[in-house]
Amino acid sequence: MQQQLGYIYDRIETLSPMHSKKLKKNMAFFDDRYLELADTFFNKYTRILQAQNKTLDYSIDCYLQMIADVNSETIEFLRTGKYTSSTFDEVNKRVYARPETMEYYMHGLIMSQFLWRHHYQMFNYFITTLPQYVNVIKHYLEVGVGHGFYLSKVLEVLNPESSITAVDISETSIALAKSFINDSRIDFILKDIFEFDNHKKYDFITLGEVLEHVEDPLKLLLKLNALLSPDGVLFFTTPTNAPAIDHIYLFNNVDEIRLLIKAAGFQIESEMAILSEDVSPEKAEKYKVAVLYGAFIKKSNPTN
Amino acid sequence: MDKSEILRIVNGVFIDILDDENIVLTDETTANDVDEWDSLNHIQLVVAIERQFRIRFNSQEIQRWNNVGEMVNSISAKLN
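Chains D and F, in that order, are what the protein sequence lines are.
Residue numbering for the first sequence follows this note's numbering, starting at 1 and increasing by one per position.
Residue numbering for the second sequence follows this note's numbering, starting at 1 and increasing by one per position.
No lab work stands behind these hints, which were simulated from the structure alone.
Among these hints, one or two may not hold up.
[Said to hold, decoys possible] Some chain F residues close to chain D (C-beta under 7 Å, calculated; not the full set):
#1 Thr29
#2 Asp33
#3 Ser39
#4 Leu40
#5 Ile43
#6 Val46
#7 Val47
#8 Ala48
#9 Asn58
#10 Ser59
Where is the CB? At the ideal position from N, CA and C, for every residue including glycine.
Using the sequences and the hints given, assemble the complete structure.
Right, here's the structure in full:
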């Protein structure tokens, strides 16, 4: 196994043997493409950390802190059937407005991109499907840019003349994404998406794991429907049953997400649902194991 | 309820959640000794044990346990 990746797995095994067991199950699903992508990614990420006087050990600690948070949120979720927060104000005070929390959370999320099988598989689904739309994308928008990994790969796929806009509500996210992607083609905008309107229609919009962070996901999808060109495509992902310190909208199952797509005036072009743990579907339902859902969707009535 | 009875009931919960009839727990048993005792199952075990004994653990307790004996001690302290 590649050097950085091997180090990360060994260190997690030392610090958290129980979590390490889960990660080792994931590894059985990883192929050569994974090893190549993960290696490139962690080399780049390590250089960014070094520039900030940080080490990979720091990021592993951030990741394990995030896992500890997820575990306590999951226990509470299994006790009550609800996420611990339900309003934006609550999670804003608890997470977004606290730079120290955002810091470990973002680094933890970056690590999960390649340590969690479902994150990698969803990324793979996105990046292998995107090329079929590339020729019609003049204007590309990403909402909730996070750590910028998706966007960094989009740059490799899109035509050079396409315009690229990235909107995020978090200054920490934008700063981190900029450190990952140094490309003048991207127009980064620090703004709440509900307040964003530059009188432009987009041919492709990406919304990665954002719906679960808003109080009214239908309102957000309607907003994106309005920002899309008539034949534009929206790719979005969101999980079911995924407690986290900043998740406020609970999807109990994939059908609830499909109903939302329809209600927002979209139809599904293609979709993928991935269990977050290596368990049988029966056990997944019994234990409320998270499913990561992703879909490419288009307006059901393009004249609107 | 004495600790040996608590251990017997906890053993039953492990068998049920991990779906393995052969599990025999002792106070010294750790996650290293039980293949299926990973982070996902640990959470399920915690919640099932809470339901079984009608108790609640706090997150510090859950993270502090090093073996089954320490888990049994936490349960015993809440019951007695």
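Tested hints:
1. Thr29: violated (13 Å)
2. Asp33: violated (11 Å)
3. Ser39: holds (4 Å)
4. Leu40: Hint holds; Leu40/F Cβ to chain D Cβ min 5 Å, cut 7 Å.
5. Ile43: holds (5 Å)
6. Val46: Result: holds, 6 Å to nearest chain D Cβ.
7. Val47: At 4 Å from the nearest chain D Cβ, Val47/F passes the 7 Å test, so the hint holds.
8. Ala48: violated (9 Å)
9. Asn58: Asn58/F check fails; min Cβ-Cβ to chain D is 9 Å, beyond 7 Å.
10. Ser59: holds (5 Å)
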